[in-house]
Structures are given as C-alpha cells and as structure tokens.
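Each chain, written out:
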Amino acid sequence: MPAMKKTREGFGRALLELGQTNPDIVVLVGDLTDSTMVSFFAKEFPERFIEMGVAEQNMMTAAAGLSLVGKIPFLATYGAFATCRCADQIRVTVCYSDLNVKIGGAHGGISVGPDGATHQALEEIAMMRVLPNMKVIVPCDYEETRKATLAAADVWGPVYIRFGREDVPVVTDPSTPFELGRGLTLRDGGDVAIVACGVMVYEALQAAEALAKEGIEARVINIHTVKPIDRPLLTQAAEDCGAVVTAEEHQIHGGLGSAVAEVLVRTCPVPMEFVAVNDRFGQSGKPAELMAAFGLTSTHIIAAARQVLTRKMARSY
Amino acid sequence: MTRNNPFRFDLDQLKLKALDLRRDIITMLVAAQSGHTGGPMDFADLASALFFHEMVYDPRQPKWPGRDMWFFSMGHVTPIHYSALAEAGFFPLKDLMKFRKLDGQLQGHPSSLDTPGVEVSSGSLGQGLSIAFGAAYGSRMDSHPRRVYALLSDGEHEEGSTWEAIMAAGHYQLDNLCAVVDYNNIQIDGHVEDVMGLAPLGDKYRAFRWHVIEIDGHDMKAVLDAFEEARNTKGKPTVILARTVMGYPVSFMLDKYEWHGKPPKPEEGERALTELGTTYAQWADRLLKN
Numbered sequence: 041m042p043a044m045k046k047t048r049e050g051f052g053r054a055l056l057e058l059g060q061t062n063p064d065i066v067v068l069v070g071d072l073t074d075s076t077m078v079s080f081f082a083k084e085f086p087e088r089f090i091e092m093g094v095a096e097q098n099m100m101t102a103a104a105g106l107s108l109v110g111k112i113p114f115l116a117t118y119g120a121f122a123t124c125r126c127a128d129q130i131r132v133t134v135c136y137s138d139l140n141v142k143i144g145g146a147h148g149g150i151s152v153g154p155d156g157a158t159h160q161a162l163e164e165i166a167m168m169r170v171l172p173n174m175k176v177i178v179p180c181d182y183e184e185t186r187k188a189t190l191a192a193a194d195v196w197g198p199v200y201i202r203f204g205r206e207d208v209p210v211v212t213d214p215s216t217p218f219e220l221g222r223g224l225t226l227r228d229g230g231d232v233a234i235v236a237c238g239v240m241v242y243e244a245l246q247a248a249e250a251l252a253k254e255g256i257e258a259r260v261i262n263i264h265t266v267k268p269i270d271r272p273l274l275t276q277a278a279e280d281c282g283a284v285v286t287a288e289e290h291q292i293h294g295g296l297g298s299a300v301a302e303v304l305v306r307t308c309p310v311p312m313e314f315v316a317v318n319d320r321f322g323q324s325g326k327p328a329e330l331m332a333a334f335g336l337t338s339t340h341i342i343a344a345a346r347q348v349l350t351r352k353m354a355r356s357y
Numbered sequence: 233m234t235r236n237n238p239f240r241f242d243l244d245q246l247k248l249k250a251l252d253l254r255r256d257i258i259t260m261l262v263a264a265q266s267g268h269t270g271g272p273m274d275f276a277d278l279a280s281a282l283f284f285h286e287m288v289y290d291p292r293q294p295k296w297p298g299r300d301m302w303f304f305s306m307g308h309v310t311p312i313h314y315s316a317l318a319e320a321g322f323f324p325l326k327d328l329m330k331f332r333k334l335d336g337q338l339q340g341h342p343s344s345l346d347t348p349g350v351e352v353s354s355g356s357l358g359q360g361l362s363i364a365f366g367a368a369y370g371s372r373m374d375s376h377p378r379r380v381y382a383l384l385s386d387g388e389h390e391e392g393s394t395w396e397a398i399m400a401a402g403h404y405q406l407d408n409l410c411a412v413v414d415y416n417n418i419q420i421d422g423h424v425e426d427v428m429g430l431a432p433l434g435d436k437y438r439a440f441r442w443h444v445i446e447i448d449g450h451d452m453k454a455v456l457d458a459f460e461e462a463r464n465t466k467g468k469p470t471v472i473l474a475r476t477v478m479g480y481p482v483s484f485m486l487d488k489y490e491w492h493g494k495p496p497k498p499e500e501g502e503r504a505l506t507e508l509g510t511t512y513a514q515w516a517d518r519l520l521k522n
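Line order of the protein sequences matches chains A and B.
Residue 282 in my numbering sits at position 242 of the first sequence, with consecutive numbering throughout.
Residue 312 in my numbering sits at position 80 of the second sequence, with consecutive numbering throughout.
It is worth saying that the hints were derived from the structure and are not from the lab.
Small disclaimer: the values here were computed from a predicted structure and weren't measured.
Note that CB positions come from ideal geometry on N, CA and C, so glycine has one too.
Warning: the hint list may mix true and false statements.
[What the hints assert, rightly or not] Have a look at the derived ranges for each label pair, beta carbon to beta carbon:
| id | chain 1 | residue 1 | chain 2 | residue 2 | range |
| --- | --- | --- | --- | --- | --- |
| 1 | A | G197 | B | L520 | 48 to 56 angstroms |
| 2 | A | P268 | B | P377 | 37 to 45 angstroms |
| 3 | B | A431 | A | H293 | 17 to 25 angstroms |
| 4 | B | E460 | A | T158 | 42 to 50 angstroms |
| 5 | A | P63 | B | K466 | 22 to 30 angstroms |
| 6 | A | S75 | B | A431 | 38 to 46 angstroms |
| 7 | A | D213 | B | K466 | 24 to 32 angstroms |
| 8 | A | D280 | B | G298 | 37 to 45 angstroms |
| 9 | B | K494 | A | K83 | 51 to 59 angstroms |
| 10 | A | D213 | B | N236 | 53 to 61 angstroms |
[As the list claims (entries may be wrong)] Taking lysine-lysine pairs in the DSSO-like style, the calculated list, with each CA pair at most 30 angstroms apart, reads:
| id | chain 1 | residue 1 | chain 2 | residue 2 |
| --- | --- | --- | --- | --- |
| 11 | A | K352 | A | K46 |
| 12 | A | K83 | B | K330 |
| 13 | B | K330 | B | K295 |
| 14 | A | K83 | B | K295 |
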C-alpha cells in the first residue's frame, strides 16, 4: 500500500505557510473551518481569518471586495457550494472583473462518500473551466495540493482549486516540479496516453503498471491544471501514442476529458476514451465502493485503454 | 494628498451639478436609443452629493490607494454612474455619446476592465453590498480611513444575497460602510410593494443591527446631512433610505415604472430636455466638445 494523506490538508498547510510569508493573505470560510482544514490558518492568524457563516454567495463577493483593497483572499467551502451556489457571483463579480479571488473547493468528487450526492462535487470543473479569466487546478495528492495553493497566491486572478475529503495515495514529493499550466509526464510509453487529474492520477499509474505486464506501454500524464491546459504536452502525447484515455473524478461532460478533446480534435485527432462519471448523480456509500461502482478505478482505465487501442489498430489498417 | 472630495461643492453648486447629470443622462440615452432612464434620473441628487461633495478620490488616478470606494450594485442605473464619472473627470464627456455602442468603452452595464472609476463590473443584482462588505472589512483590517459606499436599489432587496450581506455587515459592525438605497418603490414589473412587499425596510435594517437614516432623496440638504451622520456613526453600518421618485423631475416620467428600462425616443428626449432647460442639440454639443 502506498503512503496516504489528505489533499485538503495540503490546502490547509499551504495557507498556514502563506500566512507566515505574505501579510496580504486573508482566509474566509463558510462554517466549515475544520473540515476544509483552514483551521491551521485560523488558529495562527485570527485577525486575517473571517467566518462568513452559511452564506456562500456573500462570502464569494466579499472575497472580491477584499481583493479590491489589496488582499489575497482564499475562501473555503465544499466545491459543490463554492461553485454551483455562487455561479453568478463568480461569473459577474469575480471573473468578469478579473479579481484576485482564490476558491478552495473541498470535498470534490464521489469519494466524499456517505454524505451522498448533494455534497459530492462532480460538475464544478466544467462550471469553472467555462468562465473567462478563471484558472482551474485539480491536484493529485497532498503535496501537489500544497504546491497548487502556493502557486495560486502567486498568480493574478481567479483560481479554483479542487481537493478531496479522504486520504489519497501519495504520488508526488516535495521535489516534484509544479508549474501552473504545465502537465507532468509521470511515466513514459508510446502505445497509449493516459491523461488524468486528481486522485485518478494514482489510478492511472496503477493501470499503466498492469498494462505493462501485457506488453502495453502507457504514458501517464498528470494534468493538474485543467485550465489553462498544457496543449503542447497533450499534442505530443497524441502524436507519439495515437490513442488517449482521460480519467477524472467528475462528470463525463465538460471536465478534463472534454478539455483534452477540445485540444486534440484540433491539433492531433486520435481515438479517445473517457473514464468519468457517466452523467448521473452520486450516492451514499464508502469511498472505495463508490469509486468502483461509478467506474473510477484502475480497472476501468485498463478497460478503456484496451478499447481505445482496438480503435487505434482498426484505424491503422 | 489630503482626504477631501476634489470638488467640495456647496448646496447650490450641487443642485446645478445634479441638473447637469440629468441632462447628460437624457442626452446619452437618446443617442444610444437603449438603456435605463427612470432610476438614473432619480438618483442624480444623491450622485451629485456623493461625487461632488462627499467622497474622497482623485479622478486623475482612479486607483489612488487613499480613495473611498463606491459600488453601484444596481448596475442598470449606469447612465448616472457614467455621467458622474465623466463630469468628475475620469474620462471625457464625449464618451457618454458612445454609451452601449460597439466602438465605445461604456458597456450597457458597467465593466471595470473597460471603464476607469468602475471598481467592479455589475449588472446582476444583489452583489454590490457583499463587495462593499469585503472592501470595508479589508480597509478596517488595515486601519485605512476609507469609507465604502454601496448604492442599492430597493428591488434588489428581493435577492437573498443582499440579506446575507446586511446580516454580515451588522454582525461585524462595519461603521466604515454606508449603504444608500434608491427607494423609488419601482422595479421592472411595477411598484415594489406590489411585486414583493418590502416595507418596513427601515425596521428590517434595524433588526439586522444597522443605523438607519430615512430622507427625501431629492432634498440636497437632507442628503448631505445624512452622509455626515453616517460618517459620524460608530459601531454600526449605516443605511440611508432615500425616498425618490422615478424619473424625477421630468413630468411625464414621474413614478412611471414603464420608464425603468427604456430610453426616451428622440421627441421624448427633447421634451425632457426642454423641462431641464436645454435642448438635445445644445447638450450633445456640450458633451461632444469635452
């Protein structure tokens, strides 16, 4: 078993670090201080921590106001509420005005578990990605979430960072490079490219290992920044491999898979398969059970890889 | 730079400036043949007081860090916002003649990336008070003497998010925050009281821990006194409920909700401008030459 750690803790730790180095960092929370792990910051910097209560729309727009007076506001709530509930505030006030608001979306994906569909954010990558000026980061593990949060503070403009509830496998370490907008090739291979974000990066690596035993060499690419997306890296992968599988803990429509397809259909169209939630709402259950039931495991990635390889072969004859 | 309004107009000068603003509004709307008339007209006295007496800013440096901040939450009244900005010198008056046009900078609802003096884009209601809350909260964190003004319509109190902001500002006792409600009792579909009963608005704000001042929004002396009272009120945010009459003072627009969202046709504009003591040709000429 790999080492396990929570992505939300990476968010919380990074905010604490930022608080120590940058006096302009301000954190707002919507009655979820402990579960979004902004509690580290709240304890250390109470004068820069603002409890907004269960009023996400006001929190989002208040963050916009704070950015206007020179603060760098990070707000934290569950991804489902941060985005869907505040969509208009994000669109008109934050994005149209290009304000320096950083949105921490906790409890992303089906792996939220027993809380069920209302709390399992499965649409917000699509919703945030479509907005001009917005950047979208879906880190794969604790360390990457930490780095993504630090990077968000360094770049001007709205950023959405999505992270999860559960302990997830450690894939990267402190020395792994992180650059906003640049994907990472975690494993080389020329038969098929598996492009993943979030916790599905680990599943992609597992799938690649299993495929290698069958003689299939899969390239694994971690696209932590879904927007702006790394077009050159994806195009190169499609050119080299001729087949692409995407994997994400999100609805099949509008997320990472769509973003990758939007690039490749113009630069290098190749057969593609999507591992994602198939246009349905989540439900209660244990995280691992749900990942399996909703088709989000390495087994599903392997099946998708075989399928896309069949299509690739059919094309070449 | 001292913390003063760049004009410090007296009562008579403010009344004359309000008249200029109203002439600007009618003229730019006739030129655009699109836009909102009634609300911008009735807000002109309040805008005159804010921009030419009360607020601290530097039109040559819109982002001057010492400035007060104002947020037109009711983005649709932007003709009064633009005319006040232009009259104050943020951009040339002639730009008003390109309101809502492709080759102009003045969007139908204000866009902060296009127009100097506009802090945040607005047009979707119920957000300005939350923005003002954030700006006021952040200013207080820095012990900045800035005052923050949220300019709200009565109708947008139907938006739940407005009440989230009212609750938060009262809770955090933001006395550097002043909300101004253009209480003309009109929204697109009719009188506010008929569409969605709002009264007693003063009591509602008081229940949410605000200081409430109720005035006639066309009485310039009362307007100035209210802003002064707001400035001197400590430990609570202040809301000024300014009773206004939509379309004021143009006779055929008074209290007519039909004038919420349409521009005057050229002949209607001419009639309105006659009542305001000028003509379209004369006023358009003034705008285009400045």
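Just to be sure I understand the hint, the distance between the Cβ atoms of G197(A) and L520(B) should be within 48 to 56 angstroms; is that true here?
Cβ of G197(A) to Cβ of L520(B): about 37 angstroms, so the range 48 to 56 angstroms is violated.
Quick one, are K352(A) and K46(A) close enough, alpha carbons at most 30 angstroms?
Measuring from Cα to Cα gives roughly 37 angstroms; hence the hint is violated.
Cβ separation of P268(A) and P377(B), checked against the hinted range 37 to 45 angstroms
holds, 40 angstroms
Check the following: the C-beta atoms of P63(A) and K466(B) are separated by a distance inside 22 to 30 angstroms.
holds, 27 angstroms
Can the restraint linking K330(B) and K295(B) be considered satisfied, given a maximum Cα separation of 30 angstroms?
holds, 24 angstroms
Cβ separation of S75(A) and A431(B), checked against the hinted range 38 to 46 angstroms
Given range 38 to 46 angstroms: holds, Cβ gap about 41 angstroms.
Given a hinted range of 37 to 45 angstroms, is it respected by the beta-carbon distance of D280(A) and G298(B)?
violated, 57 angstroms
For the hint 51 to 59 angstroms, verify it against the beta carbon of K494(B) and that of K83(A).
holds, 55 angstroms
Range agreement (Cβ of N236(B) with Cβ of D213(A), hint 53 to 61 angstroms):
At 57 angstroms between Cβs, range holds.
Evaluate the given range 24 to 32 angstroms for the C-beta pair formed by D213(A) and K466(B).
violated, 53 angstroms
With a cut-off of 30 angstroms on the C-alpha distance, tell me whether K83(A) and K295(B) pass.
violated, 33 angstroms
Taking 30 angstroms as the top limit, are the C-alpha atoms of K83(A) and K330(B) close enough?
The given pair, whose Cα atoms are some 52 angstroms apart, is violated under the 30 angstroms limit.
Violated hints, in rising order: 1, 3, 7, 8, 11, 12 and 14; the structure is consistent with all others.
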